[in-house]
Amino acid sequence: MATTSTIQAPRRFTPARALVLGTLLAVIVAGIAIGVSVAGSSSSSSSTALAGAEQTSLMLQGIPQHGNVLGRPGAPVKLVEYGDLQCPICRAFALDTLPTIIRQYVRTGEVQIAFRGISFIGSDSEKALRAVVAAGAQNRAWNLIDLFYVNQGRENSGWVTDSLIRAAAGHVDGIDVSALFSARSSAATDKLMRGYAADAQRDMGGQIRTPTFLVGRAGQPLHLLQIASLDVGQFAPAFDQLLGR
Amino acid sequence: MTELRLRSAIAAFAVAGLGVAAYLTHAHYAGGPLFCATGGCETVQHSRYAVVAGIPVAVLGLLGYVAFLGTTWRGQTAALAGVCVAVVAVIFSTYLLLAQLFLIHAICQWCVASDAIVTILAVLTAWRFVVARRSA
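In order, the protein sequence lines correspond to chains B and P.
Mapping of the first sequence onto this note's numbering: residues 292 to 536, in sequence order.
Mapping of the second sequence onto this note's numbering: residues 126 to 261, in sequence order.
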C-alpha cells in the first residue's frame, strides 16, 4: 500500500530552474556573439595587429600624398600642422578632428594638409618623426602619422620601437619597409627635420607649442590659425572663407 | 518597490539606451562626426570591434534595448526573459569595454554611457525577477 509520503511529486519547471536555464542560455548567446566578434577582428587583421590600422587605411585611401602633404596638389587651400608625435593634444586632433576635415575638405580636393613634425618632447618624438619623414619619401607619411597617434604611448617611455614602426609600415599598402628603415637616418631626412624645426621657430616666434596650425591660399603666405578648441567648427570657417563660400 | 514601478524604471532606462544606440547607429550610417568629450569615439566607432558579423554594434545595441523594452510586460516569464537579456547585455558590454581599454586603446563616452545603462538595467531586471517571484 502506497502512502502519500512515498509518492514522488513530478519534477516541475520551477522559477529557480528556469532562471538557471535562462542564464545558461544567455551566457551561451553572449559567448557566441563575442566569439564572432573576436573571429571577425582576427580575420581582418594581419599577424602583427596594430590598433587603428584599418581605420587609417580607410581614411586615407585614394587621397594623394606627396612627401609631408596630404591632398590634391592643386587644392586651393593649405593647412599646415606643426605636431609632435608624442603630443596628446595632437593625438586628439588626429583622432577626433582630422577624419572630418579629411572627409569634408581634403577628399573633395579643396584643402591640402602639410605635416611639419617637430620633436621637442623627447627621444621617442624624434624616432617616430624620422620614420614619418622616411615614409614621406615614399609618399606614405600620413599613414604613419595617423598610426603613431592612434598607438601613442607614454611620453619618452620607449614606445616607439622598431617593431612598432615595422608593424605600422606593414599596414601601409605599397611601402618598402627596408627602404623606410634605411631612410630614417639619411641626409635627406636630417635636412627635412632641420627644416621643419627652423620653420617652427620662425612661425611660432621661438615659443614652440603643438599642435599649431597655419592656413591660407596655397602658394601664398599662410597665417596662424587661432583656435579655442579642436572642434571642426574652429577650422571650417577659415576653410570656407578661403574657398569663397 | 512594486513590480509595476520596476517595470516602469526598466522601460525608462531602456528608452535612454535606445537613444544612445540610435545616435551611434545614425553616426555609423550617416558618417558624421560624433560629439565626444573623451576624445576616442571616432577611433572606437571605426575600429574592427564596432562590427560583429557585418552588423554594427550600435545596431545590436538598438536590438538589445528593444528586447529590454519587450520584457516589461507583466509576469514571471517576462521577468525571466529580462534577466536573460540582461546577462547577454552585461557580458557583451563588458567585452566591448575591455576591447576599448586594452585593444583599441580609446574610450567612447557613448559606449560607456550604454555600459552604465546596461548595468542599471541588469540590477533592475534582477530585482524585478525577485519581486515577481515573491508576488506569484
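Simulated from the structure, these hints should not be mistaken for lab results.
Ideal Cβ placement from N, Cα and C applies to all residues, glycine included.
Where hints are given, some of them may not hold.
To give a feel for the contact side, a few chain B residues facing chain P, derived at Cβ under 7 Å [stated by the list, open to error]: (1) P306; (2) G313; (3) T314; (4) I319; (5) A321; (6) I323; (7) A324; (8) G326; (9) V327; (10) S328; (11) D387; (12) A479.
Among chain P residues calculated to face chain B with C-beta under 10 Å, some are [unchecked claim]: (13) S133; (14) A137; (15) Y174; (16) A211; (17) V213; (18) V215; (19) I216; (20) F217; (21) L221; (22) L222; (23) A238.
Taking CB as the label site, the calculated pair distances span [to be verified]: (24) P:L226 with B:V320: 37 to 43 Å; (25) P:A178 with B:H514: 47 to 53 Å; (26) P:A137 with B:G461: 34 to 40 Å; (27) P:L226 with B:I499: 29 to 35 Å; (28) B:Q498 with P:A137: 36 to 42 Å; (29) P:R130 with B:T314: 46 to 52 Å; (30) P:L226 with B:A470: 46 to 52 Å; (31) P:A137 with B:R445: 39 to 45 Å; (32) P:L226 with B:L316: 24 to 30 Å; (33) B:V320 with P:T127: 28 to 34 Å; (34) B:L316 with P:S260: 23 to 29 Å.
We went through each hint and held it up to the structure:
no., hint, in the structure
1, P306, "holds (5 Å)"
2, G313, "holds (4 Å)"
3, T314, "holds (5 Å)"
4, I319, "violated (9 Å)"
5, A321, "holds (4 Å)"
6, I323, "violated (10 Å)"
7, A324, "holds (5 Å)"
8, G326, "violated (10 Å)"
9, V327, "holds (5 Å)"
10, S328, "holds (5 Å)"
11, D387, "holds (5 Å)"
12, A479, "violated (32 Å)"
13, S133, "violated (22 Å)"
14, A137, "violated (23 Å)"
15, Y174, "holds (6 Å)"
16, A211, "holds (8 Å)"
17, V213, "holds (5 Å)"
18, V215, "holds (8 Å)"
19, I216, "holds (4 Å)"
20, F217, "holds (5 Å)"
21, L221, "holds (8 Å)"
22, L222, "violated (12 Å)"
23, A238, "violated (17 Å)"
24, P:L226 with B:V320: 37 to 43 Å, "violated (23 Å)"
25, P:A178 with B:H514: 47 to 53 Å, "holds (50 Å)"
26, P:A137 with B:G461: 34 to 40 Å, "violated (49 Å)"
27, P:L226 with B:I499: 29 to 35 Å, "holds (32 Å)"
28, B:Q498 with P:A137: 36 to 42 Å, "violated (52 Å)"
29, P:R130 with B:T314: 46 to 52 Å, "violated (24 Å)"
30, P:L226 with B:A470: 46 to 52 Å, "violated (36 Å)"
31, P:A137 with B:R445: 39 to 45 Å, "holds (41 Å)"
32, P:L226 with B:L316: 24 to 30 Å, "holds (28 Å)"
33, B:V320 with P:T127: 28 to 34 Å, "holds (30 Å)"
34, B:L316 with P:S260: 23 to 29 Å, "holds (25 Å)"
Hints 4, 6, 8, 12, 13, 14, 22, 23, 24, 26, 28, 29, 30 from the earlier list are contradicted by this structure; the remaining hints agree with it.
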